[in-house]
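Chains as they are written, first to last, in the working numbering: chain A, 100 to 634; chain B, 102 to 590; chain C, 233 to 399.
Keep in mind the hints are simulated off the structure, nothing from the lab.
Worth double-checking, as some hints may not be accurate.
Calculated cross-link-like contacts (lysine-lysine; reagent style PhoX-like; alpha-carbon spacing at most 25 angstroms) [what the hints assert, rightly or not]:
#1 A:Lys160 <-> A:Lys212
#2 A:Lys585 <-> A:Lys394
#3 A:Lys397 <-> A:Lys386
#4 C:Lys361 <-> C:Lys388
#5 B:Lys584 <-> A:Lys370
#6 A:Lys370 <-> A:Lys271
#7 C:Lys282 <-> B:Lys584
#8 B:Lys199 <-> B:Lys368
#9 A:Lys160 <-> B:Lys584
#10 B:Lys173 <-> B:Lys106
#11 A:Lys585 <-> A:Lys397
#12 A:Lys386 <-> B:Lys584
Here the structure is a predicted model, which is why all the values come from computation and not from measurement.
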Amino acid sequence: MRRIESLIDTNAADYKANYAAMSERLKEFHARQHAARFERPQRDIDRLARQNKLGVRERLKLLLDPGTPFLEFSTLAACREYDGTVPGAAVVTGIGIVQGREVAIHANDASVKGGAWYPHTVKKVVRLLDVALENRLPVIHICDSAGGFLPLQHGVFPDRYLGGRVFRNQVKLSQANIPQIAVVGGHCTAGGAYVPTLSDYNIIIEGTGAIFLGGPPLVKAATGEEVGVQELGGAVMHTSVSGTGDYRAATEKHAFSLAREIVGQWKRTPKTIIETAAYEEPYYDPKELYGIIPKDRKTQFDMREVLARIVDGSRFHEYQPDYGTTMVCGFAHIWGYKVGILANNGVLFNDSSLKAAHFMQLCNQNRTPLVFFQNITGYMVGREYEERGIAKDGAKMLMAQGGSVVPKFTVIANASYGAGNYGMCGRAWDARTLFMWPQAEIGVMGADQAANTMADVKIRQLQREGKELTEEEIAAIREPVLEKYKRDVEAYTSTSELWDDGILDPADTRNALGMSISASLNAPIDDPHYGIFRL
Amino acid sequence: MTISKLLVANRGEIAARVLRTAKARGLATAVLRHVAEQEGPAHLIADEVVMIDGPTPVAAYLDIPQIVEAAKGIGADAVHPGYGFLSENAGFVAALEKAGVTFVGPTSEVIDLMGDKVRARAFVEERGFPVAPSAIEDDDPASFVERARAVGYPLLIKPSAGGGGKGMRVVREDSTLETEIETARREGERYFGDGRLFVERYIERPRHIEVQVMGDGQGNVVHFWERECSIQRRFQKIIEETPSPALTPEQRDEICETAAGIARAVKYRGAGTVEFIYAQDGAFYFLEMNTRLQVEHPVTEMVTGFDLVAEQLRVAAGDGLSAVQADIPQTGHSIELRICAEDATADFRPAIGNILLLDEPQGEGIRVDSGILDGGKVTTDFDPMLSKLIVHGPDRAQAIARARSAVQSYVILGVTTNTGYLDAILAHPDFASGDVSTGFLAEQSETLTAPGEDVSDLLMAAAALSDERLVSDVMQIPEMYRKMGGWRN
Amino acid sequence: MQRIFQMDGEETDCWLGHDGSRFVLNTPTGAVACQLDPTGLPGGYKLRAKGVVRELRLAVGPEATFVHMDGRTYEVGRVDPAERLAGSDGGASDDRLVAPMPGVVVSVAVKPGDAVEEGQPLLVIESMKLETTLTAPRDGVVAEMPFAEGDSFGLKDILAQLAPEEE
Chain A
100 MRRIESLIDT NAADYKANYA AMSERLKEFH ARQHAARFER PQRDIDRLAR
150 QNKLGVRERL KLLLDPGTPF LEFSTLAACR EYDGTVPGAA VVTGIGIVQG
200 REVAIHANDA SVKGGAWYPH TVKKVVRLLD VALENRLPVI HICDSAGGFL
250 PLQHGVFPDR YLGGRVFRNQ VKLSQANIPQ IAVVGGHCTA GGAYVPTLSD
300 YNIIIEGTGA IFLGGPPLVK AATGEEVGVQ ELGGAVMHTS VSGTGDYRAA
350 TEKHAFSLAR EIVGQWKRTP KTIIETAAYE EPYYDPKELY GIIPKDRKTQ
400 FDMREVLARI VDGSRFHEYQ PDYGTTMVCG FAHIWGYKVG ILANNGVLFN
450 DSSLKAAHFM QLCNQNRTPL VFFQNITGYM VGREYEERGI AKDGAKMLMA
500 QGGSVVPKFT VIANASYGAG NYGMCGRAWD ARTLFMWPQA EIGVMGADQA
550 ANTMADVKIR QLQREGKELT EEEIAAIREP VLEKYKRDVE AYTSTSELWD
600 DGILDPADTR NALGMSISAS LNAPIDDPHY GIFRL
Chain B
102 MTISKLLVAN RGEIAARVLR TAKARGLATA VLRHVAEQEG PAHLIADEVV
152 MIDGPTPVAA YLDIPQIVEA AKGIGADAVH PGYGFLSENA GFVAALEKAG
202 VTFVGPTSEV IDLMGDKVRA RAFVEERGFP VAPSAIEDDD PASFVERARA
252 VGYPLLIKPS AGGGGKGMRV VREDSTLETE IETARREGER YFGDGRLFVE
302 RYIERPRHIE VQVMGDGQGN VVHFWERECS IQRRFQKIIE ETPSPALTPE
352 QRDEICETAA GIARAVKYRG AGTVEFIYAQ DGAFYFLEMN TRLQVEHPVT
402 EMVTGFDLVA EQLRVAAGDG LSAVQADIPQ TGHSIELRIC AEDATADFRP
452 AIGNILLLDE PQGEGIRVDS GILDGGKVTT DFDPMLSKLI VHGPDRAQAI
502 ARARSAVQSY VILGVTTNTG YLDAILAHPD FASGDVSTGF LAEQSETLTA
552 PGEDVSDLLM AAAALSDERL VSDVMQIPEM YRKMGGWRN
Chain C
233 MQRIFQMDGE ETDCWLGHDG SRFVLNTPTG AVACQLDPTG LPGGYKLRAK
283 GVVRELRLAV GPEATFVHMD GRTYEVGRVD PAERLAGSDG GASDDRLVAP
333 MPGVVVSVAV KPGDAVEEGQ PLLVIESMKL ETTLTAPRDG VVAEMPFAEG
383 DSFGLKDILA QLAPEEE
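Pulled out of the complex, with its shape left as it was, chain A reads as follows (with noise of 0.2 angstroms):
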């Protein structure tokens, strides 16, 4: 494969501006990540060390094997939600290895609410359930949850994707044969006493781990039993009495011990084997996308020259180099994985759409896991592209890209406008992750368009009233909808409400795809097959 010639002036100014511009937003949102990580406040930190546990980051020390990724999912869920005060959404989630192995991890982060269940934590859950599911990723689950939220219960408990999602989709792991190990780390009460019990595996810790339907306060008030925890759900009691819980470990460390001797003597699985090449790092540094992607959203770049600063070698063989230019396909390595990788150069046309189709149908036949890097502000509109079929020709392209049985992933690089995001497989279409890149947008279309046609609405209704409106006036109606509109659009309101899997810096997203690859290869792949395209 050939490499990439990048065009691309690192002294030139507006390279330097836009890295200057990169760093300033990935500075915040580092720190935001931090925080949501690591700032807790005392009290919450000296709760935990009274109960003698430790926190859900060295929890994951002792379980993850040491020297090795972990790839974290939605940090910052919940990030706009309840003021600010779930960093999280109270707990943790991701893919990280232990004896070697691919593992998808739920830690509660009992240094929030105790760990409680809010509305986002369910979601989280519920989606780290679905990536294990569909990339057959055995899970372990680390149980330390006050339960359920109950101002919030209706937003955790009855809907089809809330808190019965969580278990159903553990029994839908285990009759997929995939294992799950519980390590019970802190109370599991009520629902929560499903995930230890749904698991093949669970150990309790003596001490601090708990399992119970009614915890002692509720037992009392119901039947006036008086009871202590150890007794009614304790470690003791549950490996010796009842059979609920497996093993019971000492202290945390012979917990995670525990854990990882029981993932350490599971059957290897062959993984689906795919094309692969030896390793190339990237020839361009990826922190030079940082200075490529511009600081203006609306300004166009090459999507070729950020191809070049994450796939091996910079190398990447383009198909169709010379039609449907706004749509880039071509197949690159990512970690030594062949990938097809679909990158938006523009809006999409009817050839653009049609060479995405055709290029999707490749890499199926191949079995060639697909790229999405998204920068789409649509499809085109126009009475020359309806009479051309453009609807037409995007149905064939969303019926490639849905019908797709190769894995799928998505990074949001910049825009992710309308019917593109469908276009360009986004939260619906089933991608095995889709990231977002800090400064990106997504929305039915661009705040300024959106922010005019509502405003438009709404002074049109007043000149239907014989209203005059001075500029001032205008722009008094439309500067608050645009400002409401920017922030709904923003990266952060997407992570908070989980819309995607998290942001990422752009730097880290070879990384984060390299990982993604990998895990969804724990799954097989269908043979092609589609529905009807439209002729």
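For chain A, the structure is supplied; the task is to place chains B and C on it using the hints.
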């Protein structure tokens, strides 16, 4: 009185060493082995191995009736006792005589005489040989304390029946004399079943110099020069050499002639060693006579070219000495290092373990008398000495250099040994200059056991990379993840 | 991937990694890139680490690795932290022996106040036509032996009770 079949009533390196000479002389050979004992080199050399049993392995090697029976049972006409065990046991010699088996060593009378330190000393003193001022309790128990006082301080209390440093007490002040006497008496009773004592002048910073002698039992005695054995830990020698760096040629002749004279006085038969205390002022005093082959005899062999075991066998067979004094040279310099399974940094605590890898040094001027085999097991059943490394060089400096290089390349893995400690002694400037005494190791203990360069990272790296389970655990992590390392997004 | 190494009575927690081209031993004081290649001698290796190359001989015992390097011999104890933790299986020991099924006491070997060692027989029971010897779960002192020879007991009855361990 010819000898055709020899039983070696010993084990370990000395059994192997004796067997080699015996086989070279065309004798049929046999050696003992305790039923629970590891196979050693001797068992591979001997034509025959006789199993013995006893309440403990050591007890079996001390079991006179069983060993005499063994000798008779295999038709051995001679027994070589090696050193230790029954080598200086007059009762053993008598039992063999009764059974018509030749004992390779002196007569039981001489063993009896020299085995009793008090009598031996009196015998030597009466014949005008030098002994340190002393007082013997038995002479007049009532005046013992008074006579001890008269010897002068510092003085040394020793059990009459003692050996190996056990029960010895140094007294520097008159006020503690009587309590020390009582302590020594109790120890003597405990170790030797004999509470009789004697005291002698304690020589400050003494050197231990001994002389190898060989007699034909008819009054003809030659000496094979001296050995210096001042490097001792807990009164036990670990480095011996010859010639002694302390002696002038005149002193050498004097001390060697004295030793030969003592041996002549008892019409000594076979190999023996006369030990002296050598004071820093050049005076020397008779200490004791060992009526057997010594552990350190190889250094003598290296500088004289004689095989002392061969000489022993000649004498025992009645063939007399093979050389007159003038034929016995002292050429170059030889050093012996005793390789022991012990932890020099923990008060020489005996170490046990399995020998996982053994690679003994070889080359010009290097001799290894070994009692161990690769794959063997080191237990506390016997003495912790595993082998002896003996080197020879044209002069002392070259011998030291050769000894250092050999001991550094001596690979014994699986059990803690004193090779590093021995090397540290050889490297010490006072050893190089020959300025040592029997207290050297105790005085220099901190210097000699000081930790060397910190190589812990290298050692841990070696231990990690040779840990196959660890390496396979690491390598089962997919390469991509190993390359990413501890990356976090 | 983790090991505790013991040298001269001191323990060091380490983990071994491999970045695709070389091994890295991570110690509390830093990362040491290292490589070990056989030389052909028995137990002979060339170790490359910290910018030096050392020839050494080594032997791997079940609990320690012995290294002969530059004329000195070293012993490096190896502990797998997981195995050490496995020793804490069961955590705080039980003080009680609970009847696994109903039965009859055949014989009683100890009485309250007796000091017992872990594994020492306390009593023999017969259940389901099988005699079973019940032993002390840990070292301790017998507090109660509620049943005498010939007594019947029910499921989950306490057959022996040890005095609580003193902290």
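Review point. Does lysine 106 of chain B lie within 25 angstroms of lysine 173 of chain B when you go C-alpha to C-alpha?
Key: holds, 11 angstroms
Review point. Does lysine 397 of chain A lie within 25 angstroms of lysine 585 of chain A when you go C-alpha to C-alpha?
Key: Status holds; Cα separation ~14 angstroms.
Exercise for review: Mind checking the alpha carbons of lysine 386 of chain A and lysine 584 of chain B for me, to see if they're no more than 25 angstroms apart?
Suggested key: Roughly 19 angstroms separates the two Cα atoms, so the pair holds.
Point to revise | Given pair status - lysine 368 of chain B, lysine 199 of chain B, alpha carbons within 25 angstroms | key: Given pair lysine 199 of chain B, lysine 368 of chain B holds - Cα atoms ~22 angstroms apart, limit 25 angstroms.
**Study point:** Holds or violated: lysine 397 of chain A to lysine 386 of chain A, with C-alpha atoms at most 25 angstroms apart
**Key:** holds, 21 angstroms
Check your understanding: Under the criterion that the straight-line Cα-Cα distance not exceed 25 angstroms, is the pair lysine 585 of chain A, lysine 394 of chain A satisfied?
Key -> holds, 15 angstroms
Practice item. Measure nothing beyond the straight line between the CA atoms of lysine 282 of chain C and lysine 584 of chain B; if it is 25 angstroms or shorter, mark the hint as holding. Key: holds, 20 angstroms
Review point. Are the Cα atoms of lysine 370 of chain A and lysine 271 of chain A separated by 25 angstroms or less?
Key: holds, 20 angstroms
Point to revise | Restraint status (C-alpha distance of lysine 160 of chain A to lysine 212 of chain A at most 25 angstroms) | key: Cα-Cα ~22 angstroms, so holds.
Practice item. Measure nothing beyond the straight line between the CA atoms of lysine 361 of chain C and lysine 388 of chain C; if it is 25 angstroms or shorter, mark the hint as holding. Key: The hint holds at about 18 angstroms.
**Study point:** lysine 584 of chain B paired with lysine 370 of chain A [C-alpha distance capped at 25 angstroms]
**Key:** holds, 19 angstroms
Point to revise | Holds or violated: lysine 160 of chain A to lysine 584 of chain B, with C-alpha atoms at most 25 angstroms apart | key: holds, 18 angstroms
In summary, the structure agrees with every hint in the numbered list given earlier.
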